[in-house]
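Asks: In case you want the letters, here they are:
Number of protein chains: 2
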Amino acid sequence: MVPRRSFTIDTEKTTRTTYVLGTELTVNLNRCAPPQSKFFSIKCSPNVHYKITPQAKDGNAVPYPLTPNSVLIVTMDAVSKTANDSKLSVRYYGEKTEALGDALLHLTAVEISLDVDADRDSVVEKNNPNKGSWKWGPNGHGAILLVNCDSESTYKKTLDSEVDEISKVSDLQDMSKMILRTNGPAELPEGYKLTMHISQTTSENVRVFRPRTNVQKDNVLCSHKLLKLFLKDYIMVVGTDMLTQEVPYLGGKTELEFFVEGLHFPDKDFDGLITINLSLLEPCGKDFPETPVFTDKVVFHVSPWIMTPNTLKPVEVYVCSTNDNYSFLKSIKNLVEKCGSKLKICHEYMNRGDRWMQDELEFGYIDSPHHQFPVVLDSPRDGDLQDFPYESILGPDFGYVTRHALNEEVSSLDSFGNLEVSPPVTVNGKSYPLGRIIIGVAFPTATRGRNMTQVVQDFLWAQKVQEPIALYSDWLVVGHVDEFMTFVPAPDRKKFRLLLASPDAGYKVFKSLQNNGHGKAEMFPGLPEAISVNEILSDKKLQAENRYVQNCIDWNRDVLKKELGLDDEDIIDLPILFKVLEEKTHPRAVAYYPDMVNMIVLGDQLGIPKPFGPKVKGRCALEIEVCSLLEPLGLKCTFIDDLAPYHKLLGEVHCGSNVLREPSPFKWWNLEL
Amino acid sequence: MVPRRSFTIDTEKTTRTTYVLGTELTVNLNRCAPPQSKFFSIKCSPNVHYKITPQAKDGNAVPYPLTPNSVLIVTMDAVSKTANDSKLSVRYYGEKTEALGDALLHLTAVEISLDVDADRDSVVEKNNPNKGSWKWGPNGHGAILLVNCDSESTYKKTLDSEVDEISKVSDLQDMSKMILRTNGPAELPEGYKLTMHISQTTSENVRVFRPRTNVQKDNVLCSHKLLKLFLKDYIMVVGTDMLTQEVPYLGGKTELEFFVEGLHFPDKDFDGLITINLSLLEPCGKDFPETPVFTDKVVFHVSPWIMTPNTLKPVEVYVCSTNDNYSFLKSIKNLVEKCGSKLKICHEYMNRGDRWMQDELEFGYIDSPHHQFPVVLDSPRDGDLQDFPYESILGPDFGYVTRHALNEEVSSLDSFGNLEVSPPVTVNGKSYPLGRIIIGVAFPTATRGRNMTQVVQDFLWAQKVQEPIALYSDWLVVGHVDEFMTFVPAPDRKKFRLLLASPDAGYKVFKSLQNNGHGKAEMFPGLPEAISVNEILSDKKLQAENRYVQNCIDWNRDVLKKELGLDDEDIIDLPILFKVLEEKTHPRAVAYYPDMVNMIVLGDQLGIPKPFGPKVKGRCALEIEVCSLLEPLGLKCTFIDDLAPYHKLLGEVHCGSNVLREPSPFKWWNLEL
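In order, the protein sequence lines correspond to chains A and B.
Take the first sequence: its position 302, counting from 1, is numbered 302 in UniProt numbering, and each next residue is one higher.
Take the second sequence: its position 283, counting from 1, is numbered 283 in UniProt numbering, and each next residue is one higher.
Please keep in mind that the hints were generated in silico from the structure rather than gathered at the bench.
Since the list gives no way to pick out one identical chain from another, each pair is judged satisfied if it fits inside one copy or across any two copies.
Below, a list of computed lysine to aspartate or glutamate pairs in the EDC-like style, where the Cα atoms sit at most 20 Å apart:
hint	residue 1	residue 2
1	Lys511	Glu12
2	Lys268	Asp458
3	Lys193	Glu290
4	Lys51	Asp558
5	Lys51	Asp568
6	Lys338	Glu662
7	Lys540	Asp10
8	Lys268	Glu204
9	Lys135	Glu672
10	Lys464	Asp271
11	Lys541	Asp287
12	Lys464	Asp269
13	Lys297	Glu563
14	Lys135	Glu125
15	Lys511	Glu98
16	Lys511	Asp102
17	Lys43	Glu98
18	Lys51	Glu24
19	Lys561	Glu467
Work out the full structure: start from the sequences and follow the hints.
Replies: Right, here's the structure in full:
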């Protein structure tokens with residue numbers, strides 16, 4: 001709809017106004033008509049056009065009859081060269097067509113467009129008709145903003161979003177461009193101003209900068225030129241505590257470039273949408289405030305934080321070096337070399353003995369048509385690794401975000417071994433091309449239980465593009481979903497398999513061994529805790545515990561089948577037994593032997609906790625079983641000894657590592673939400 | 001999709017489980033098969049049915065071949081008479097069809113359905129397939145909940161939603177019914193439980209009650225019977241600090257009635273949706289917690305708070321009695337009698353001289369298929385009338401809601417003369433059958449200005465069904481939208497007209513008077529402030545001020561035309577002049593003579609501030625003009641003298657009154673959102 005503006009003319013003095021191309025001025029002709037006026041006629045400059053409503057019955061009758069609702073609609077088709085260079089006049093006539101008065105209007109036409117990349121091709125096109133709204137999907141529209149959550153410095157760091165100035169010119173690359181295109185006379189008529197403005201709520205979530213000096217005309221002030229400007233040459237236009245500010249009108253045909261940064265991720269109370277307005281203000285005479293006569297607006301959506309499933313290509317593998325994990329580290333190094341990724345070791349001065357790299361942080365990324373970078377989500381867990389994400393990961397083009405628990409107890413379920421993401425799935429026709437986030441919580445029916453903190457849950461749900469699934473993980477002592485499930489790539493079906501820990505599958509292996517005459521073969525062979533297959537199978541208490549564990553996992557299996565649209569053929573049961581520890585309030589489970597599902601997945605290379613199962617002809621029966629399940633999918637199994645430095649501390653390979661992966665090729669804004 | 005549950009059977013001992021009608025038990029046959037099993041066969045009771053996947057190639061071959069993915073899908077078609085009265089057994093065979101073992105399963109079938117009025121006909125139907133989700137619109141579904149914001153008592157009042165027990169049995173009428181329908185044996189098998197549960201977030205917004213004793217079977221325990229129960233016979237099942245609780249299984253075919261109350265209105269951080277779950281818990285053996293084996297859920301949407309436009313029938317008119325408004329009160333009383341409404345007078349001991357009844361409160365209502373009642377929104381304004389809404393209006397079936405400003409200054413824009421609602425409109429094809437809320441704020445371009453507090457704005461936007469429009473009212477000293485606009489009913493077009501104050505229309509009247517030789521006629525005739533038409537027209541300062549005021553009103557006119565889809569023909573300009581008061585920071589306007597647009601609208605009766613305009617042949621020219629504009633619409637104009645007790649204190653008839661109206665016949669849940 002064409003923006004319309006009510007305007008009043010006057011027979012007693014000449015009125016002046018500034019007209020913005022593409023709008024309509026509507027003049028109620030009756031309002032200012034001299035008493036006894038019955039007819040009127042119009043004269044105007046050639047670049048001024050008008051319509052009259054209601055249309056006079058005798059369309060060509062001049063003068064026109066004046067009715068109580070006679071409205072003159074004025075448009076112009078070209079910008080003015082000088083102020084007030086176009087004219088329109090209305091002459092009023094009485095009953096006998098005697099002239100009663102003339103209302104003169106002097107017009108200045110300008111073109112004003114606040115522009116963004118609304119079609120998401122990383123070019124700021126001119127006046128996209130959809131720039132003022134957001135629509136998801138491949139046929140959608142709306143510009144995109146990144147939270148400026150990286151730090152241009154690698155030491156003396158601050159999040160760029162926490163400083164209200166531009167710290168380095170490279171910071172501009174993290175921002176979205178916005179261009180004010182104007183065309184018109186060298187100067188606006190006296191008293192007119194351009195002003196950019198945002199709402200109070202928006203001001204908490206965005207900042208807009210512009211170069212302080214910008215006098216080049218008739219061409220774009222391109223980024224590479226801007227980068228040569230000094231930092232002091234950038235000023236904040238709107239943002240925190242600055243809701244509105246005048247912006248210069250440069251005259252002629254000019255483009256003024258702005259840089260826009262997001263300050264916060266979508267969350268419970270922020271839907272991610274940001275509106276920025278630009279208004280032309282008209283003077284109302286001395287002593288009165290100006291009134292806006294034209295407003296253009298643009299809408300941005302802040303990029304959500306996006307997680308990367310195991311099926312995406314690994315880039316860097318993170319592990320801790322501790323005083324007892326030398327051979328483990330070596331195994332990981334070999335594995336990482338095989339798949340061509342980089343290994344990043346967090347040394348002891350930083351980890352202070354906290355080896356649970358999986359639990360302190362989760363890697364994700366943010367994405368826009370012009371730029372993308374990884375962002376680490378720092379867990380509220382805060383073990384001795386707590387400084388690692390901020391101190392060692394945050395940096396130029398590596399963002400950081402965290403959530404702090406408020407009036408909530410942080411539990412083991414807040415570690416990010418309890419935060420995973422599925423590969424892309426389609427569920428009952430609904431597609432999740434970025435997969436679905438998976439977390440573990442207490443059974444909703446439990447009168448008490450541990451949960452992931454509400455602030456982190458709120459954050460995850462608010463990202464919207466990987467709709468989370470809550471599983472039940474509180475049945476485990478440690479309570480992480482990665483203790484009973486993972487995903488591996490596969491060449492067929494849905495391009496992945498869900499691996500689940502399965503006591504039933506475990507017992508099946510042990511029974512087969514017994515049945516085939518290997519009842520005396522020992523679990524943990526050669527180790528102090530060695531125990532025979534027969535002994536394991538005759539332990540009724542262990543059986544009852546594993547029945548309970550299988551119930552818990554089956555409940556999760558049913559949820560995963562439903563929420564990820566999986567068939568039984570998409571799931572592989574890995575033979576893993578658990579045992580239940582007596583806790584004061586609640587019996588909870590840990591893996592009986594190294595929990596093979598807690599593996600690291602690097603392309604087709606799997607680093608699996610070495611289970612130390614009973615040997616038949618010198619080979620571990622559990623390894624053989626797992627290889628027979630996974631190798632047909634083209635996966636390569638490397639069994640890594642994590643017994644002493646991880647398993648005995650209630651974690652495994654996955655808990656002790658983390659993987660930065662390539663972003664998904666799917667663009668989040670193309671989701672149909 | 002049929003709920004599926006993974007289940008494991010055992011060849012070493014009989015397993016038992018409880019099956020819920022309408023679900024499927026899926027048994028992985030390979031998991032518990034004895035080693036070397038190659039085939040299996042199934043036997044079962046006549047009410048047990050099964051399917052096998054993958055289907056054996058030779059469909060009728062018995063025994064069936066066992067594959068790694070062989071799954072047995074079990075269903076039942078009738079409830080059990082006694083626990084474990086149905087059986088299924090699986091026999092496993094080796095290569096040469098020798099029997100290797102039998103897995104026995106004993107089944108108890110029950111029917112469980114948590115029911116609500118999901119089709120919105122005020123009857124709680126059985127197991128509506130859509131009960132677990134919410135959809136807006138006439139073809140939508142989902143149950144509805146009222147915020148229990150009235151008070152069953154008229155003295156010693158508390159909001160019912162603030163006490164976690166039922167204060168009077170009449171309180172049950174404000175709640176939505178929910179019924180747990182069960183059918184099965186007299187008792188559940190040992191160790192099984194039913195439990196109702198809600199999330200932490202939901203627990204802040206809902207409470208569920210049930211009668212403590214309820215042993216009637218095979219028929220509904222109807223409300224009228226419940227009402228005879230004593231209050232102590234109701235207990236809270238879930239709600240604040242109570243996320244889950246066991247509910248009784250009554251045995252046989254039974255219905256257990258629950259009563260559900262909402263605690264909060266939709267707001268910035270609450271979308272109004274509430275989910276309540278009911279699970280069947282299965283015992284997992286001594287020492288282990290139960291696991292849910294079946295969960296049913298229902299969804300409610302809390303009724304938004306809905307405002308009533310001037311076009312709805314008035315029920316009660318509220319005004320204050322003060323020591324100086326006797327004749328004003330008498331005029332209002334006459335007017336109210338004409339339109340058949342009731343008059344409610346707030347006496348001086350309560351109003352303490354604060355006469356601005358419009359500003360302290362706004363009437364609205366909440367609505368559900370089973371019940372509706374009015375709800376007063378108490379302004380954060382808090383003048384001397386501040387106790388009136390709670391003390392005098394809140395009561396049985398008259399609800400109360402308020403918002404308190406947090407770290408925000410409360411300004412004159414928080415008075416509810418600055419909160420209005422349009423009649424139903426359709427804008428570019430989008431229909432607003434409940435109209436749109438209208439508030440006044442500062443210009444978005446103003447560097448400083450007064451605004452309505454964010455908490456109230458957030459509340460209004462969150463109701464969703466009357467999407468608000470923000471106008472510019474900060475140009476007025478008092479700053480209320482009712483100083484320059486109102487709506488009146490009309491027989492034609494959109495069934496209403498928007499009335500706008502118009503200095504241009506005012507000057508037109510005065511110029512006509514001058515032109516017709518009445519230049520010496522006096523405004524405020526006979527009063528000390530009397531001033532002639534000629535003097536008014538020659539006041540250049542007044543003209544400039546009114547030019548500014550007209551600009552401000554025109555900006556609002558353009559917004560209203562756009563946001564309400566109005567044509568110029570839907571708008572009537574009332575002849576009103578303003579004057580601008582010198583304020584330190586900002587020039588702001590007040591009406592020059594009684595502001596006729598600030599009228600009370602009671603059906604076709606309009607109570608209009610008497611303007612004291614210049615008289616021609618003994619009749620006020622301004623009254624004549626206004627009557628000539630409004631009477632053709634079938635409206636009856638009564639001019640009420642509010643000069644001393646209201647106008648001189650910067651308010652008029654509308655500011656000094658409030659109208660409780662009938663709710664809209666349109667049901668909010670039928671909106672297409």
